Amino acid sequence: MELLVASAIGVLTAGGVYLILRLRAFPVILGLSLLSYAVNIFLVSTGRLAINAPPILNKYADVSYTDPLPQALVLTAIVISFGMTAVLVMFTLGAYLEAGDDTIDMTATEEKDDAA
Amino acid sequence: MSHWIIAPVVLPAMMAPLIGYVMRHDIVLARVASAASTVALFIIALGLAVWAADGGTHVYRLGDWPAPFGIVLVLDRLSAMMVLLTATLALIVLWHSIATGWDAKGRHFHALYQFQLMGICGAFLTGDAFNLFVFFEVLLIASYGLMVHSGGKVRMQAGLQYVVMNLAGSTLFLFALGTMYATTGTLNMADLAVKVPQIAAEDSGMVRVAAVLLLIVFMIKAALFPVQFWLPGTYSNAPAPVAALFAIMTKVGAYAIIRLHTLAFHPGAEPTKDVVTTWLFPAAMVTLALGALGVLAAKRLMPLLSFSVIGSMGTMMLAVAPVDPYATETALYYLVHSTFSAAALFLLADLVVSRRGSDVLDARPPVVQNGLFAALFFAAAIAMAGMPPLSGFLGKLLILDALREPELMPWAWTGILVGSLVTIVGFARAGSMIFWKSTSVKLPEGTEPIQSDPPPAPARGTEVAPVMMLLALLVGLAVLAGPATGYMRAAANQLFEPSGYIDSVLAPVEKPEKAEVDPPLDAADPHAEEEH
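Taken in sequence, the protein lines are chains A and B.
When you read off a place in the first sequence, starting at 1, and then add 632, the result is the number in my numbering.
When you read off a place in the second sequence, starting at 1, and then add 25, the result is the number in my numbering.
Because the hints were derived from the structure by calculation, they are not lab data.
Treat the hints loosely; a few may be bogus.
Coverage of chain B stretches by chain A, computed from C-beta distances (three or more under 8 Å per stretch; other residues unrestricted) [what the hints assert, rightly or not]: (1) 165–173; (2) 185–191; (3) 199–208.
Incomplete in silico selection of chain B near chain A, CB under 10 Å [claimed, not checked]: (4) Trp29; (5) Glu162; (6) Gly176; (7) Gln182.
Quick list of the computed label-pair ranges, beta carbon to beta carbon [what the hints assert, rightly or not]: (8) B:Pro307 - A:Arg654: 24 to 34 Å; (9) A:Tyr650 - B:Pro307: 27 to 37 Å; (10) B:Gly81 - A:Leu635: 45 to 55 Å; (11) A:Val721 - B:Ser175: 12 to 22 Å; (12) A:Ser639 - B:Gly525: 37 to 47 Å; (13) A:Tyr650 - B:Gly81: 27 to 37 Å; (14) A:Asp699 - B:Ala225: 14 to 24 Å; (15) A:Gly715 - B:Ala129: 19 to 29 Å; (16) B:Gly176 - A:Gly715: 19 to 29 Å; (17) A:Ser639 - B:Val450: 53 to 63 Å; (18) B:Ile52 - A:Ser639: 48 to 58 Å; (19) A:Ala731 - B:Gly72: 26 to 36 Å.
Model, not experiment: these values are computed from the prediction.
From the three backbone atoms N, C-alpha and C, an ideal C-beta is built for every residue, glycine too.
Same shape as in the complex, but just chain A (with noise of 0.2 Å):
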């Protein structure tokens, strides 16, 4: 279980980090959403892995529970990761149309070009 999910968060990140590297505006979407499922993995797994464990404390009998904390930073988390990718989209999608090509970094000739 341990290491499911260390090597799962260690493969997101390195396949989200590799993508992000890219020049070009699809891979860096990708990337980024990778890296954000590696995030939300690893803070589930700050409360410590517990598995069939109710986020609650139950007191009338002595059953184990799990960390609620992580479970509600994650949920965060996730809504603002989704937000962002959703924006970083059409951002996207706007550069492209201005520019007419999906590559993210700028060239000197282009920033001359808006100068003149």
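Starting from the known structure of chain A, arrange chain B on it as the hints suggest.
Positioned in the frame of chain A, the structure of chain B alone reads:
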């Protein structure tokens, strides 16, 4: 517990959707609402600053949940000062964008502007590390919209870079918070201050990792080397009033570093005690050098101003790095100064560039009101470069005075003094090119001077007023340096006495005397059954 503490967050948060949905077709209404909201924010911020000046740490528990289980907003001298700085800057920049018509060049300027203020004020007020992340996202997502306001090819591309950079930074922030929670079991800043020193020696590596990750995240926001590269592209391609407002955004990163490294990772905490002193000082030195060289090398006015912002962040963080009360006091003074002077330069550049047609530093015929703009640029450049008589000189003098430690002094003094000289040369070159050489530009024989149609109108009084107000604030900061540094000294001393903060936040909540008002549960039950 006073509800006024949350007002700087709630007020813009209520106004923004109202402006965005109800007033989106009526720019006049949106302007009035946005201006009214910002004025109200300024008044509230002023009230909070006066209230916080009593030296207490005022805590606002959301939902009345006791810390560390609930989220708290905390008002002390530093956060009150930062909120007041934000509100003052916001008011002046808003005036400029309304007077020059920038806000009408695209949609939803005012709604995004209010969301931006909400995020910034929230980030300054919160006492919870995860809540800080949320407010960072709020201010970032609003800044994405403001950054590409009024559109354009290069601006969209620069905006895309800015978004990608900050999304990567946010992911890093989450990794840092996860590591922090896994090791300490809390994200409340005051509780962290209690828990971090208790970490067992074998676990201290994880806390250090989290502290360094957080430092990198805040260095991205504060535009420090080696993660400063997003700033020139963003600031020089953003609409100028937005760039002026962004002058406070780099300070959010600086504030977060000051706050966390005097509280959660305070110098007495064994696991993280030398994180800042080891890494921040060299990073700030390189940032300062980069900023100065960038000012000297820039071929256009807007990148030049952006690099001067980087240089001023480097100067300021040099004073943050030693983590001692006097150095922090000088850093706070320089923080206020550099916010206003950067904003003044960007607003002035907007007035000049919109009439000149381009911000390329070459000789072309002078714009209307060349003399007025030249005088204002001279004053603002003096402030930014740190020449007397404006507050930049005093700010740099104070920082030099604070950095007298034998191992820091040769580096810091050389860096700041040489950096200032190089910055002066860069600004002098830009100013003489734009304002002086333009008066001697000779057109070839027989050609008519190219006149744009219609010719650029001279700036009205209302358009120049925001720049003048910022310069007046810089003069005021220099004249009233005594009272100002007095407040900042008190703020710095409060930061370095974290027990007051910790005790206020973690104080047990007084139980409200409800038992006599509410009937006991048993007594109510028969009554309920009767009704059934």
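Practice task
Would you list, in rising numerical order, the hints stated earlier that this structure does not obey?
Solution key: 4, 13, 19
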